[in-house]
Amino acid sequence: MSSHEAQAQMLGYLYQVRCALMLLIESDTPSLKLVIEKFDDVSFENDSNPVAMVQLKHHIGRAGNLTDRSPDLWRTIKIWVDAVEDNPVLLEKSRFVIITTAKAPQDSIASLLKMGDDGRDAEKAFIGLRKVASSQTSEINASSYKAFIALNEDRARLLVNSIYVFDEESNIFECKSRIKRLLRFSCQPKYEDILFERLEGWWCNKCISLLSNKSSDGVTQSDLRYEIVKITNEFRDDNLPIDVEFDDIDEKAEKEHSAELFCKQLGLISCKRRRIIGAIEDFCKASSQRAKWIDNCLVVPDELEHYEERLIDEWSHEWSAMSDELGDESGEAEKQKEGRQLLTEIMRKDVRIRQGCDEPFVMRGTYHILANSLKIGWHIDYLQLCSEEVEKNEIMG
Numbered sequence: 107m108s109s110h111e112a113q114a115q116m117l118g119y120l121y122q123v124r125c126a127l128m129l130l131i132e133s134d135t136p137s138l139k140l141v142i143e144k145f146d147d148v149s150f151e152n153d154s155n156p157v158a159m160v161q162l163k164h165h166i167g168r169a170g171n172l173t174d175r176s177p178d179l180w181r182t183i184k185i186w187v188d189a190v191e192d193n194p195v196l197l198e199k200s201r202f203v204i205i206t207t208a209k210a211p212q213d214s215i216a217s218l219l220k221m222g223d224d225g226r227d228a229e230k231a232f233i234g235l236r237k238v239a240s241s242q243t244s245e246i247n248a249s250s251y252k253a254f255i256a257l258n259e260d261r262a263r264l265l266v267n268s269i270y271v272f273d274e275e276s277n278i279f280e281c282k283s284r285i286k287r288l289l290r291f292s293c294q295p296k297y298e299d300i301l302f303e304r305l306e307g308w309w310c311n312k313c314i315s316l317l318s319n320k321s322s323d324g325v326t327q328s329d330l331r332y333e334i335v336k337i338t339n340e341f342r343d344d345n346l347p348i349d350v351e352f353d354d355i356d357e358k359a360e361k362e363h364s365a366e367l368f369c370k371q372l373g374l375i376s377c378k379r380r381r382i383i384g385a386i387e388d389f390c391k392a393s394s395q396r397a398k399w400i401d402n403c404l405v406v407p408d409e410l411e412h413y414e415e416r417l418i419d420e421w422s423h424e425w426s427a428m429s430d431e432l433g434d435e436s437g438e439a440e441k442q443k444e445g446r447q448l449l450t451e452i453m454r455k456d457v458r459i460r461q462g463c464d465e466p467f468v469m470r471g472t473y474h475i476l477a478n479s480l481k482i483g484w485h486i487d488y489l490q491l492c493s494e495e496v497e498k499n500e501i502m503g
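Under our numbering, the letters of the sequence shown match residues 107 to 503, in that order.
The reader is advised that the hints may include incorrect statements.
To be verified - Computed cross-link-like contacts, EDC-like style, restricted to lysine to aspartate or glutamate with a CA-CA straight-line distance of at most 20 Å:
| no. | residue 1 | residue 2 |
| --- | --- | --- |
| 1 | 378 | 354 |
| 2 | 237 | 213 |
| 3 | 282 | 303 |
| 4 | 398 | 419 |
| 5 | 336 | 306 |
| 6 | 481 | 411 |
| 7 | 370 | 357 |
| 8 | 391 | 465 |
| 9 | 296 | 349 |
| 10 | 398 | 344 |
| 11 | 398 | 343 |
| 12 | 481 | 401 |
| 13 | 252 | 274 |
| 14 | 230 | 260 |
| 15 | 455 | 465 |
| 16 | 220 | 349 |
| 17 | 398 | 259 |
| 18 | 378 | 444 |
| 19 | 336 | 351 |
| 20 | 296 | 419 |
| 21 | 398 | 464 |
| 22 | 398 | 465 |
| 23 | 220 | 275 |
| 24 | 209 | 191 |
| 25 | 199 | 259 |
| 26 | 398 | 435 |
| 27 | 184 | 198 |
| 28 | 209 | 274 |
| 29 | 184 | 259 |
| 30 | 144 | 191 |
| 31 | 441 | 430 |
| 32 | 252 | 178 |
| 33 | 230 | 174 |
| 34 | 441 | 411 |
| 35 | 358 | 340 |
| 36 | 209 | 198 |
| 37 | 220 | 174 |
| 38 | 443 | 487 |
| 39 | 378 | 366 |
| 40 | 184 | 134 |
Rather than coming from a laboratory, the hints here were simulated on the basis of the structure.
Predicted model only: the values in this text are computed from it and were never measured.
Please construct the entire structure, taking both the sequences and the accompanying hints into account.
Now the structure itself:
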């Protein structure tokens with residue numbers, strides 16, 4: 107396979123995924139489930155029975171065609187002939203749909219099968235297909251011709267009567283624009299691109315799940331609408347999207363972060379390893395999420411600084427209460443115990459950067475970010491003890 111052919115094939119796969127999303131958004135029957143590579147490239151099913159079997163034909167750089175001897179047309183017919191031979195009930199319940207970026211030439215067989223076209227004439231198309239198949243003049247289409255001729259004539263006529271052609275349809279790039287037009291009323295204009303990216307990311311994961319048989323069910327338009335509403339809600343003025351992907355902390359990551367001041371601070375109050383690992387996870391997730399918000403222009407540094415000031419204010423009240431409990435004669439064990447209690451009280455709070463953004467790791471992780479810069483601490487003597495640690499590290503190089 108040449109490099110050009112490989113690229114076209116890959117684009118075809120990606121087109122299948124993106125076009126499926128577009129078809130689901132535009133579907134007039136929300137209860138139908140969309141599946142991929144189950145009955146056809148894309149299918150809509152009801153109670154596990156396909157009501158629409160869709161073949162997608164994608165061309166970029168060359169126009170493609172649906173002439174009477176087009177391999178695109180005859181390969182598709184062969185697939186459907188085989189399907190109805192295996193399951194004749196399909197002829198009673200299913201539509202067979204070709205969606206192609208190519209053009210069906212005027213007066214061609216494909217043009218006679220266009221959906222909603224005044225010139226649709228399935229009987230004339232059937233006669234034309236039988237005539238072409240009987241000519242046996244193409245080696246490329248030979249097996250398709252043979253299969254169509256061998257199909258029972260009544261079944262062949264029913265099959266052709268159920269074929270609908272949509273030509274000159276959107277290519278992979280135009281599909282994106284078409285989907286974004288459908289989504290534009292779901293969010294403010296400044297969020298259109300990121301909404302599309304988030305939705306397509308979710309959709310790709312859904313398709314992977316379907317193709318790998320991790321999910322036997324298809325996806326309904328109601329499922330899709332729920333996801334659109336969910337994502338859109340994250341882009342309200344009182345909310346922020348949560349989109350960090352994070353694996354569990356491994357030993358290497360634990361070792362790398364253990365040298366950071368926020369971990370040193372937890373060590374000062376004798377936190378156990380499990381609690382420290384949870385803190386590292388919150389620190390990493392919050393750091394990553396904050397960076398994404400800034401990169402996507404969803405927050406400005408001033409908002410993050412204001413949020414940190416609110417967190418510091420909450421901490422300072424609890425810090426003052428702890429200070430009252432600890433006297434000059436307090437021993438180290440008592441200081442550590444009170445520090446752990448302070449940490450617990452702080453982490454139980456619900457101080458949100460925006461009211462709708464309720465993911466707990468944002469607050470917890472930001473507190474550890476503040477602890478890492480010594481703006482807050484847990485041990486009553488944290489500034490002195492951590493400064494000594496910093497000075498020692500600087501001396502050691």
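Hint by hint, here is what the structure shows:
{"no.": "1", "hint": "378 / 354", "verdict": "holds, 17 Å"}
{"no.": "2", "hint": "237 / 213", "verdict": "holds, 15 Å"}
{"no.": "3", "hint": "282 / 303", "verdict": "holds, 10 Å"}
{"no.": "4", "hint": "398 / 419", "verdict": "violated, 25 Å"}
{"no.": "5", "hint": "336 / 306", "verdict": "holds, 14 Å"}
{"no.": "6", "hint": "481 / 411", "verdict": "holds, 12 Å"}
{"no.": "7", "hint": "370 / 357", "verdict": "holds, 17 Å"}
{"no.": "8", "hint": "391 / 465", "verdict": "holds, 11 Å"}
{"no.": "9", "hint": "296 / 349", "verdict": "holds, 18 Å"}
{"no.": "10", "hint": "398 / 344", "verdict": "holds, 17 Å"}
{"no.": "11", "hint": "398 / 343", "verdict": "holds, 17 Å"}
{"no.": "12", "hint": "481 / 401", "verdict": "violated, 25 Å"}
{"no.": "13", "hint": "252 / 274", "verdict": "violated, 29 Å"}
{"no.": "14", "hint": "230 / 260", "verdict": "holds, 15 Å"}
{"no.": "15", "hint": "455 / 465", "verdict": "holds, 12 Å"}
{"no.": "16", "hint": "220 / 349", "verdict": "violated, 43 Å"}
{"no.": "17", "hint": "398 / 259", "verdict": "violated, 61 Å"}
{"no.": "18", "hint": "378 / 444", "verdict": "holds, 15 Å"}
{"no.": "19", "hint": "336 / 351", "verdict": "holds, 17 Å"}
{"no.": "20", "hint": "296 / 419", "verdict": "violated, 33 Å"}
{"no.": "21", "hint": "398 / 464", "verdict": "holds, 17 Å"}
{"no.": "22", "hint": "398 / 465", "verdict": "holds, 15 Å"}
{"no.": "23", "hint": "220 / 275", "verdict": "holds, 12 Å"}
{"no.": "24", "hint": "209 / 191", "verdict": "violated, 29 Å"}
{"no.": "25", "hint": "199 / 259", "verdict": "holds, 18 Å"}
{"no.": "26", "hint": "398 / 435", "verdict": "violated, 47 Å"}
{"no.": "27", "hint": "184 / 198", "verdict": "holds, 18 Å"}
{"no.": "28", "hint": "209 / 274", "verdict": "holds, 5 Å"}
{"no.": "29", "hint": "184 / 259", "verdict": "holds, 15 Å"}
{"no.": "30", "hint": "144 / 191", "verdict": "holds, 17 Å"}
{"no.": "31", "hint": "441 / 430", "verdict": "holds, 12 Å"}
{"no.": "32", "hint": "252 / 178", "verdict": "holds, 16 Å"}
{"no.": "33", "hint": "230 / 174", "verdict": "holds, 13 Å"}
{"no.": "34", "hint": "441 / 411", "verdict": "violated, 30 Å"}
{"no.": "35", "hint": "358 / 340", "verdict": "violated, 33 Å"}
{"no.": "36", "hint": "209 / 198", "verdict": "violated, 29 Å"}
{"no.": "37", "hint": "220 / 174", "verdict": "holds, 14 Å"}
{"no.": "38", "hint": "443 / 487", "verdict": "holds, 13 Å"}
{"no.": "39", "hint": "378 / 366", "verdict": "holds, 16 Å"}
{"no.": "40", "hint": "184 / 134", "verdict": "violated, 28 Å"}
Hints 4, 12, 13, 16, 17, 20, 24, 26, 34, 35, 36, 40, counting from the list given before, are not met by this structure.
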